[in-house]
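Participant: Residues per chain are reported as follows:
There are 2 protein chains.
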Amino acid sequence: MRLSRYFLPVLKETPSEAQIVSHRLMLRAGMIKQSSAGIYSWLPMGYKVLKRIEQIVHEEQQRAGHIPMLMPTLQPADLWRESGRYDAYGPEMLRIRDRHERDMLYGPTNEEMITDIFRAHVNSYKDLPLTLYHIQWKFRDEVRPRFGVMRGREFYMKDGYNFDLTKEAALHAYNRHLVTYLRTYERMGLQAIPMRADSGPIGGDNTHEFLVLADTGESEVFYDSEITDLKFGDRDIDYDSVEECQGVLEEFTSRYARTDETHDEAEFAAIPEERRRTARGIEVGQIFYFGTKYSDALGAKVVNDNQEQVPVHMGSHGIGVSRLVGAIIEASHDDKGIIWPEGVTPFHCGIVNLKQGDDEADAACEQLYSALTARGLDPLYDDRKERAGGKFATMDLIGLPWRITVGPRGLKNGVVELTSRKSGESVELTPEAAVARIAEIYALT
Amino acid sequence: MRLSRYFLPVLKETPSEAQIVSHRLMLRAGMIKQSSAGIYSWLPMGYKVLKRIEQIVHEEQQRAGHIPMLMPTLQPADLWRESGRYDAYGPEMLRIRDRHERDMLYGPTNEEMITDIFRAHVNSYKDLPLTLYHIQWKFRDEVRPRFGVMRGREFYMKDGYNFDLTKEAALHAYNRHLVTYLRTYERMGLQAIPMRADSGPIGGDNTHEFLVLADTGESEVFYDSEITDLKFGDRDIDYDSVEECQGVLEEFTSRYARTDETHDEAEFAAIPEERRRTARGIEVGQIFYFGTKYSDALGAKVVNDNQEQVPVHMGSHGIGVSRLVGAIIEASHDDKGIIWPEGVTPFHCGIVNLKQGDDEADAACEQLYSALTARGLDPLYDDRKERAGGKFATMDLIGLPWRITVGPRGLKNGVVELTSRKSGESVELTPEAAVARIAEIYALT
Numbered sequence: 412m413r414l415s416r417y418f419l420p421v422l423k424e425t426p427s428e429a430q431i432v433s434h435r436l437m438l439r440a441g442m443i444k445q446s447s448a449g450i451y452s453w454l455p456m457g458y459k460v461l462k463r464i465e466q467i468v469h470e471e472q473q474r475a476g477h478i479p480m481l482m483p484t485l486q487p488a489d490l491w492r493e494s495g496r497y498d499a500y501g502p503e504m505l506r507i508r509d510r511h512e513r514d515m516l517y518g519p520t521n522e523e524m525i526t527d528i529f530r531a532h533v534n535s536y537k538d539l540p541l542t543l544y545h546i547q548w549k550f551r552d553e554v555r556p557r558f559g560v561m562r563g564r565e566f567y568m569k570d571g572y573n574f575d576l577t578k579e580a581a582l583h584a585y586n587r588h589l590v591t592y593l594r595t596y597e598r599m600g601l602q603a604i605p606m607r608a609d610s611g612p613i614g615g616d617n618t619h620e621f622l623v624l625a626d627t628g629e630s631e632v633f634y635d636s637e638i639t640d641l642k643f644g645d646r647d648i649d650y651d652s653v654e655e656c657q658g659v660l661e662e663f664t665s666r667y668a669r670t671d672e673t674h675d676e677a678e679f680a681a682i683p684e685e686r687r688r689t690a691r692g693i694e695v696g697q698i699f700y701f702g703t704k705y706s707d708a709l710g711a712k713v714v715n716d717n718q719e720q721v722p723v724h725m726g727s728h729g730i731g732v733s734r735l736v737g738a739i740i741e742a743s744h745d746d747k748g749i750i751w752p753e754g755v756t757p758f759h760c761g762i763v764n765l766k767q768g769d770d771e772a773d774a775a776c777e778q779l780y781s782a783l784t785a786r787g788l789d790p791l792y793d794d795r796k797e798r799a800g801g802k803f804a805t806m807d808l809i810g811l812p813w814r815i816t817v818g819p820r821g822l823k824n825g826v827v828e829l830t831s832r833k834s835g836e837s838v839e840l841t842p843e844a845a846v847a848r849i850a851e852i853y854a855l856t
Numbered sequence: 412m413r414l415s416r417y418f419l420p421v422l423k424e425t426p427s428e429a430q431i432v433s434h435r436l437m438l439r440a441g442m443i444k445q446s447s448a449g450i451y452s453w454l455p456m457g458y459k460v461l462k463r464i465e466q467i468v469h470e471e472q473q474r475a476g477h478i479p480m481l482m483p484t485l486q487p488a489d490l491w492r493e494s495g496r497y498d499a500y501g502p503e504m505l506r507i508r509d510r511h512e513r514d515m516l517y518g519p520t521n522e523e524m525i526t527d528i529f530r531a532h533v534n535s536y537k538d539l540p541l542t543l544y545h546i547q548w549k550f551r552d553e554v555r556p557r558f559g560v561m562r563g564r565e566f567y568m569k570d571g572y573n574f575d576l577t578k579e580a581a582l583h584a585y586n587r588h589l590v591t592y593l594r595t596y597e598r599m600g601l602q603a604i605p606m607r608a609d610s611g612p613i614g615g616d617n618t619h620e621f622l623v624l625a626d627t628g629e630s631e632v633f634y635d636s637e638i639t640d641l642k643f644g645d646r647d648i649d650y651d652s653v654e655e656c657q658g659v660l661e662e663f664t665s666r667y668a669r670t671d672e673t674h675d676e677a678e679f680a681a682i683p684e685e686r687r688r689t690a691r692g693i694e695v696g697q698i699f700y701f702g703t704k705y706s707d708a709l710g711a712k713v714v715n716d717n718q719e720q721v722p723v724h725m726g727s728h729g730i731g732v733s734r735l736v737g738a739i740i741e742a743s744h745d746d747k748g749i750i751w752p753e754g755v756t757p758f759h760c761g762i763v764n765l766k767q768g769d770d771e772a773d774a775a776c777e778q779l780y781s782a783l784t785a786r787g788l789d790p791l792y793d794d795r796k797e798r799a800g801g802k803f804a805t806m807d808l809i810g811l812p813w814r815i816t817v818g819p820r821g822l823k824n825g826v827v828e829l830t831s832r833k834s835g836e837s838v839e840l841t842p843e844a845a846v847a848r849i850a851e852i853y854a855l856t
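Chains A and B, in that order, are what the protein sequence lines are. To convert, count from 1 in the first sequence and add 411; that's my numbering. To convert, count from 1 in the second sequence and add 411; that's my numbering.
If you are wondering where the hints come from, they were derived from the structure by calculation, not from laboratory data. Note that the structure is predicted; figures quoted are calculated from it, not measured. Keep in mind that the hints are not guaranteed to be accurate.
Unchecked claim - Which bits of chain B does chain A cover? Going by a derived footprint, with three or more residues having C-beta under 8 angstroms, they are:
| hint | stretch |
| --- | --- |
| 1 | 415-426 |
| 2 | 471-481 |
| 3 | 521-532 |
| 4 | 550-558 |
| 5 | 809-822 |
Said to hold, decoys possible - Partner residues aside, some chain A positions facing chain B, computed with beta carbon under 8 angstroms:
| hint | residue |
| --- | --- |
| 6 | Arg416 |
| 7 | Ile478 |
| 8 | Glu655 |
Idealized CB from N, CA, C, for every residue including glycine.
Given these sequences and hints, build the entire structure.
Facilitator: The structure is reproduced here in structure tokens:
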């Protein structure tokens, strides 16, 4: 993309309404614009990041055999009356009445609707196991929306639902989701720690939240420092294997890690003092096993191999896709702006032309642009007639991991400069070598 | 995908509530499930088709330099009060009040919101031309929703908005959109005819609707039969060229083609009688130039090169993404079921194992599945223990363009059968040749 043809409305001033760094940087980098309290438009660059995150979530869910679909944003109130949650949910549920005076609501989650789909179509244990998921806009009418997309009202979430014949099978689905989530977050450059959590309005006993450590997190967290040494890495997991998935769960949840909701002072005190950590965390996902809570309420049963009707065991599993955009920035930025992890960056690299209008510099930039594009990469070429200082400031603010700087002086020696946003280090390379280096970096992510 | 692990709830009976063939077939093929009047869940196979259509729309918009972003589903009422449409829109607008008693609405379209974004960030003619678009869920509270996704309440639409300094530049944007739409529909296997239309609540003088001819269409249409001979084909268009885009507009709109809303009996009578056609059509898109209607109302101005503040010229451009799923089926089906055009098919081909459990047949199917997947193709393998008749009926119903049939008899001679869903013709081929043939077909689409 050529910046002269793009829509990237960066702000010079820091918006006064933004209390936390990700909100400030998303506004300054022209990623979002508030349309009303807690509701945002995703401007082109913000939209690109949102889509990269969504894509990673899709890939990791489908790798585990989970099946994508899509439920609507508006739901009939009657379904929620069946489960008893229509009255229980409180004022965070946005209630709507249509032109025929029918009660509806903007879905905050989809347990009822997916159970309704299941009961309409599945009758036999032979069709199990089954995990369906969707990524859709949700609404929670927060009394005080704040922190930008981190605590918005209209938010984008992946929610998945497993249906299994037995508790054991459903716990395998739970473990399998934990594995997919660990992979998902690591691909986004995040360390998200599974912590034992409270189930809230979803219900159930088994539940873990995934938390990213950050000073601005809304939860206080307590953990054994050994847990931050764990990496999922590039393991090859057989998602059908109960043992493998159980092994990962044990590895990642056997050490103490809790939010303030479930914190136990006595257990925490048993950890050697030098490994006890207290910090703040941002919740970026949660998994639940809640058994037959919804299948009992809505009558979702299958015939087992003894010809008996039994309610299915279920769980649900959420990842906050729009919230992750903010969480990644909270975890990865500096004074100059955002530092995108390579897995989610909106553009693979920036090209800065130090002397726009100079025939040789322009030609070299065009060549770099074509060569990168031909390799399947997506560069952002700053082709505006601006001073070098302004171009560098914009690139630092929007946080592309790599920048190629092209100027007449370097070109005399046949080189351009390749700079890492994270380390700030630069190397001089021929343009061809710079392209090859960028291609190599992204082939590995 | 292996069918034994998929969720494809096909129905044996024809649902009585469905009045038109696309609605019936989408329900029978397990593509959608109604959750309330005019609101549907997209089951896995329906979701795949929806996403293929969305992807084609994205590719063709971006090919022309239009920039993707995303606006929220809920909008503040105040923005619509500024344009005067809040009161004018009538009961089709779903009005919502949040917990703080603020008036909101579920957006049926986004002229106001995009103009608000524009006025907040763009001040100079130097930032023009600009075309932004998004693909987002919309809501129209139809008094009698019907025909499945063809006339639903919650629907998925691409809507784009151009901002230009002059009327001439905005008319170029109009023409450019017409070109992108012709390409878009043809890639989906549709002939959509641009017809002079009525602007309705959007406003403006210049507008064309794109109509697909089908007996179940809601509009009566009148046209010169020469128009159906036109093909856009694989032309290489320079979207920046005013002449090229204007040329395409003239070619595709110079012959008589109107909906009942704009039909002119006298003009129609002037066409030689043997070329006069009356038919029914389904609207699948519409483009508008409405000048400064919204920029005047909302104060969206830029400074021109004489340092004068002038309102921008705008247009908007919509494609009904979810409606297209139904429209394509209306245009392409037979008594047995759907016939997907290759551009939008949910799976590239089906594999039918005639003797599930037979070692040789199973191994041959697995090999085909791997070979197709390795070529980047997405097959659906019917690996259920069902009779051949049932498997064929399912494949015909769900309408994949190509089917590979594998059975012990053919394998003895080293062949499988490749069948076209459209023509019904079969050829015997080695498995390797069948894979190569399928790969070749999709490389060309």
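Participant: So, for every hint listed, does it hold in this structure?
Facilitator: Comparing the hints with the structure gives:
no., hint, result
1, 415-426, "holds (count 4)"
2, 471-481, "holds (count 5)"
3, 521-532, "holds (count 5)"
4, 550-558, "holds (count 3)"
5, 809-822, "violated (count 0)"
6, Arg416, "holds (6 angstroms)"
7, Ile478, "holds (5 angstroms)"
8, Glu655, "violated (18 angstroms)"
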